[in-house]
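*Asks:* Sequence:
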Amino acid sequence: MLIRALFWLSALAASAAAIALIMVTAVIWSDLPATSVVQDIRLKEPLRVYSVDGRLMGEFGDERRITVQIEDTPRDLINAVLATEDDRFFSHHGVDPLGVLRALITNLKSGQTRQGASTITMQVARNYFLSREKTYTRKIKEALLAFKLERELSKNEILELYVNKIFLGHRSFGFQAAAAFYYNKPLAELTLAQLAMLAGLPKAPSSINPVSNPVRALERRNYVLRRMQGLSLIDDAAFEKASTAPLTAARHRQEIEINAPYVSEMVREHMFSRYGPLAYESGFRVYTTIDSRYQKTATQALIQGLLGYSERHGYQGPAGYIDPVKITTPAGRVEALSQYRAVAGLIPAMVLRPGGDALEVLTAEQEFTSIGYEGWRWTFRSPSQILHPGDVVYLSRSVRDTLRLAQVPKVQGALISLNPSDGSIMALIGGFDFAKSKFNRATQALRQPGSNIKPFIYSAALEKGFTPATVVSGAPVVIEDNVGGDWRPQNYSKKVFGPTRLRKALSTSLNLVSVRLVRALGVDAVRDHLEKFGFDRSRLPNGLSLALGSATVTPMEVARAYSVFANGGYLV
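Take 1 as the starting number for the sequence shown in our numbering and just add one per residue.
What you were told as hints is all true, and nothing was included just to trick you.
Label-pair ranges, simulated between beta-carbon atoms:
| id | residue 1 | residue 2 | range |
| --- | --- | --- | --- |
| 1 | Gln300 | Gly498 | 39 to 47 Å |
| 2 | Arg253 | Gly230 | 32 to 40 Å |
| 3 | Asn542 | Pro455 | 14 to 22 Å |
In short, the hints are calculated from the structure, not lab data. Glycine included, each C-beta is placed from N, C-alpha and C at the ideal position.
Could you put the whole structure together from the sequences, leaning on the hints where they help?
*Replies:* As structure tokens, then:
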């Protein structure tokens, strides 16, 4: 009687557990992504910005990814992944019961969790739809979603998602991006040893990758190769060759080919305002009108111009200090220098000995060098007079690869070049160094144009019937002002000229003639005319000072206005 009661109690408990499991499964299943979502999985790719000639200028996005089709993926990589992650991938339906049993036995024997049972399909489910939390609910969701993926997608489609989604260290997502980062090559050009190295990364991409931990990475690579050999996916000769191959991985980043950060930021702002966060993950490739040749030349011109201006106004002193008594080793000093970043190509360095005829330094690039007279003569003082051991200075490198003393300018500048026929921007630099200041002076800085405004005022006169031969008085003029006192404009030379033809007045930039022209034409008429060139009327002063360029304009506005002269009268 007791045995029968225990039997029925056990049966009842088992039934209750089964019903509870079914109910939990039903609830979780209803919470899984819809079929349409599963079938429309999209990979995140960064926003990339290019010049008109296809040179990379900028990249925005958290995930560095280069997608690859499964048919273009090397067979050795697929075999390596299957051997390491899921050797029964093509025979199970999302969850591998044998794999679960094998992992359970291994973990029981070791007394710790040494082997997981996640299939490739389960990893895809986790990476695309689930969080990384380690809970039983998440595990159940992962298994159920794996079943759903297997029902909705083919094995090759699941494998392609895995190959492109998996994180492989250093912001590299997917094997194609990892191949570019670690080997600077596409997958198709990698050796078996290199492919096995990549296939071993999913287990612990941040800690056993070949850049961060080459010893453990080699061990993991050879484990992958042994698995491939054990499953007869490679022969003994291939295993021997690949397992003895040296480590060839290094840190490679997709180089920004053209230095145009201000343009790239303009594109990023535009794309984000239009698409929101999707701008950074939809794989947009934006081709701008920037010509890489013009951009490079313009950047060099602006930087050299600002450096030259800064040097002509004297040496400002060191940028910082590293105590040579406390930090005595070259390695320690280089590490201390790492807090000083390179600025617009200028290299930080620590002064070792500032002599009377030479300046000995250690650069952040671990280079000991002595800078002779030609490298510091612009300061008009010897190194011993302006520097001390431990001072941090900046150096510039010439085309002959020689170093000279330099300094980060306190003055800023901008440059913009437009194609007058259509207004396309050929080159744009918004400041000396984007990392130092992201303010785009080419499009945002309001400055007084000064005499740059005069050709537009003279064009207003020509429109009203004046000619280049028209004579205008160049005599002094007094503008009465009851508030701020009388205004007596002068020519730059302080000289006074008599009656002057317009062509002469413009070529010599005579202020007095410009003032008389604006007074003769009327300030409102001149403002109306300047508006036709794209100038913002609200920033054009309603007074005769307009003649001397007291308006506030951006470099972009000035370049656009001058394009009207160049293209025959069209505002672009």
